[in-house]
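Protein chains in written order, with this note's numbering: chain A, 1 to 268; chain B, 1 to 372; chain C, 1 to 306.
Heads up, none of these hints are tricks.
Straight-line alpha carbon distances no greater than 20 Å define the calculated EDC-like cross-link-like pairs of lysine to aspartate or glutamate that follow:
hint, chain 1, residue 1, chain 2, residue 2
1, B, K82, A, D101
2, C, K163, A, D130
3, C, K163, A, D101
4, A, K200, A, E218
5, B, K80, A, D103
6, C, K119, B, D253
7, B, K82, A, D103
Please keep in mind that the hints were generated in silico from the structure rather than gathered at the bench.
Fair warning: this is a prediction, and the values are worked out from it, not measured in the lab.
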Amino acid sequence: MSGESLKTNEYIAIAEDLTVAYGEKPVLWDVDFNVPKGKLMAIVGPNGAGKSTLIKSMLGLLKPVAGKVEFFINSDNKPSNFKDKGISRKIAYVPQSGSVDWDFPATALDVVLMGRYGHLGWIKRPKKADKQLALEMLEKVGMKEFQSRQISQLSGGQQQRVFLARALVQQAELYFMDEPFKGVDAKTEKAIITLLKELKAQGKTVVVVHHDLRTVTEYFDWVTLINMRIIAEGEVNETFTNENIDKAYGRIRSDLVEAVNTDGESRV
Amino acid sequence: MNPQLEIQLIAIFIATACALPGVFLVLRKMTMMSDSISHTTLLGIVLAFFIVHDLSSPFLVVGAAAMGVITVWLTESLHKTKLVSEDSSIGIVFPLLFSIAVILISKYAGSVHLDSDSVLEGDLVSAPFYRLELFGVSIGAKYIYISLFYLILNIVLIAVFFKELKVSAFDPMLASVLGFSPILLHYGLMSLVSITAVGAFEAVGSILVIAFMAGPPVTAYLLTDDLKKMLFISGGMGALNAVLGFQLARFFDVSISGAMAVMTGVTFLIVFIFAPQRGLISIALRRKRQKLSFGMLNLLIHLLSHENSEYETREAEHCSLANHLHWHEGYARKIVDKLIIEKLIVVENGILKLTDTGRTYTSNEYSKIFNN
Amino acid sequence: MMDILSRLNNYTTIVVALGAAVLGMISGVIGSYSVIRKQSLIGDGVSHSALPGVVLAFMMTGNKSTEVLLLGALVAGILAAGFIIGIVKNSRIKFDSALALVMSVFFGTGLVLLSIVQKTPDSAQAGLSRFIFGQVSAILKRDVYIMTIVSAVLILLVILFWKEFKLFSFDPEYAHTLGFKPMRLNLLLMLMTVFTIIIGLQTVGVILMSAMLIAPGVAARQWTDRLWLMIVLSAVFGAGAGVIGAFSSSLAEKLPTGPAIVVVISIIVLISILIAPNRGLISKALRRRKSKKGWLEKGVKGGDII
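Extracted from the complex, chain A is given alone in its bound form (with noise of 0.2 Å):
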């Protein structure tokens, strides 16, 4: 594998021997997974693959059944735990847009300014600053006129906009975003993306769930391929090929079945 090349302190998080279980089904099988630093990087895989599942256990929202999550995130480069001081704030997270209640009773900058709670901790409350740079943000993706809008009455790219504003104003150096491509107009998409990559050249790492294969190439630099178990990671161009992209998507073929069967021996 290509990832390998690297060298350990060039990743910015990590997960070894993976293994996540819904209740009783497993999802993710003894997976390790790479994040390159200051890449703009794309996990790619068909339905059910475990994607979003993937992103979910590095943020510690599931618990694996086996295997471990590193981060390398402090300037020490010592590895750390997502639970360990101040790394949450070194990470921030945009969910799949469906899962809130958009009726909540908060506007689009109310949304924004949660991305400031966990900088400021328990208690305490946000100040002018917080404020100004939720504004300013809302600006980034172009929703500032519609600060004082309820959420519900946003349409599906600007829900999404609003969102990744509130991953922009917590100043992370890790973004894990889970398909802020999915429901979105062409307008919204171009905009995100320049946004992503505007982040990427300030030196932040940013983790994108992806569904649309067409804009894999175009949009990112490196790429993981998953269906349970990871089948491909490196850069773009040379991971992205039509091989590996049947491995992950095709139902028959399995490169370590087929590995074994043409090995002779095993054969009993």
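Mind docking chains B and C on chain A? Use the hints.
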């Protein structure tokens, strides 16, 4: 007939009658709606009483059933405005209707023979005082026949519409495709629930009805996947709770309907803990077994995917395995031991290696998992 | 007129109205969270389940003072909530069925215990059954003090954890990724809800308490899209319904207070749903008509419709 036996029979008939439609309520996730109905039928009874001035008139049943349907309609209309969520709609409609009923009762307490106690827990004790006479001969407590009527009504209607109810419980979309109007079935079922709630009202009051409608079906739900069996078990459970509850009440001289509700909880709890498939104990055992076999497969796949790779030493080292997979030492040791006994892996120079059998087994399992 | 005034100006009436106002206010505040979290029915479950706790507390201590009974109610309420969560978590039984089962079994247990108390010669049951239907007239000045203190603590908690509760109610997973502990917030909110229910029991009773929690929040939600305004309005609606209900019950013959309060708050809900600006049904209908008209005119002008 001896009055105690008469009360017991009434309790059995009513409890069983409630347990049958309850099955569909539980499956359709409408238990709280029926709780709401059982409260609001009180208003129906009161209003109907004002018209006919006779508490034993069958017209009261009509009034109460109509109020049940009105409750469902009001709740759904409120929800359909999209301004109020479904649970809030339930929580607003039934307290309002119930409040109006309580206000009417307390304003006209003298003329309505309804007091707060009978609303709470019914009046089974005095049931044997009202006799049914045929040709001048007493043939038993009137309420025995009434409650038997409710039971038979439920059995007949559910038997006749079994197919329709079944489809609509599991797949309302399919039901409408097949030409059964889901709305008609929905309101039909709700009418039956309302009528049954009225029947139960005199025996157990309006608050405990829900124990008899929800308890036995929920218990049965833990014991079977088959709808027919669920109906039989639920009915049987209802009868059993009635017997146990009444005997308990007699023995300790306490509230009959309360004791029946208590026994509903007790039988549920026993099944919840000891049920063969879905009981707490068997779930815990199964989880433990699964965790072990799952861990074994997990380790095998881990070994297979790192076999012959340059990291094999690091990934498959025996002594650091638990740390590596983030497993508890004991759990890791148990899994390794078990795999060695089954001759799927061996330890070579402190490194775990798959045996040939192990490799074949794992790759078979692997292809099963990843190729569905 | 003088008669009405003198009836309202009576000491008991004022204590009762104060109690109802405090209760309405606090259930408006705490209930708003149940409404926005779509957990409205949990109040119904907890309040029914409190009955055996009340009776058992009396049986064990022989004491009928509010604090002791409320402590019993608290324990039973928490126990019931634990049962409901445990059943849902460990079986395929859905939340609504578990709720219905647990609350009715607890309530039945309460009735059984009550029937034991009734048999004792110094029958104190008259004081206990007020928890079922509520009996505002039995409220003492002391009870109002207790209600006020508990409410003050609860409101303080709401203010203190304002940001956390808002975040958690909106998006608990996101709250976790920001480093907050959703489980703790959930527990705290749950406890606060139970406390609110418990202090409301003797005023409106177990059956109607759920309406006190839900209705003010639902009404308030129609008027505003801001959480803080919703909660303030909800408190005002709740308190207002409490006062109006209490006064009308002291004016009219044989008008029980709990149901009166519920009827008043339900009317407020109905009015809000109809006439609230923006969200209200009437304003929605008007807007639809206007836009239809505008659309038709535009269509005619553009010539591409009709």
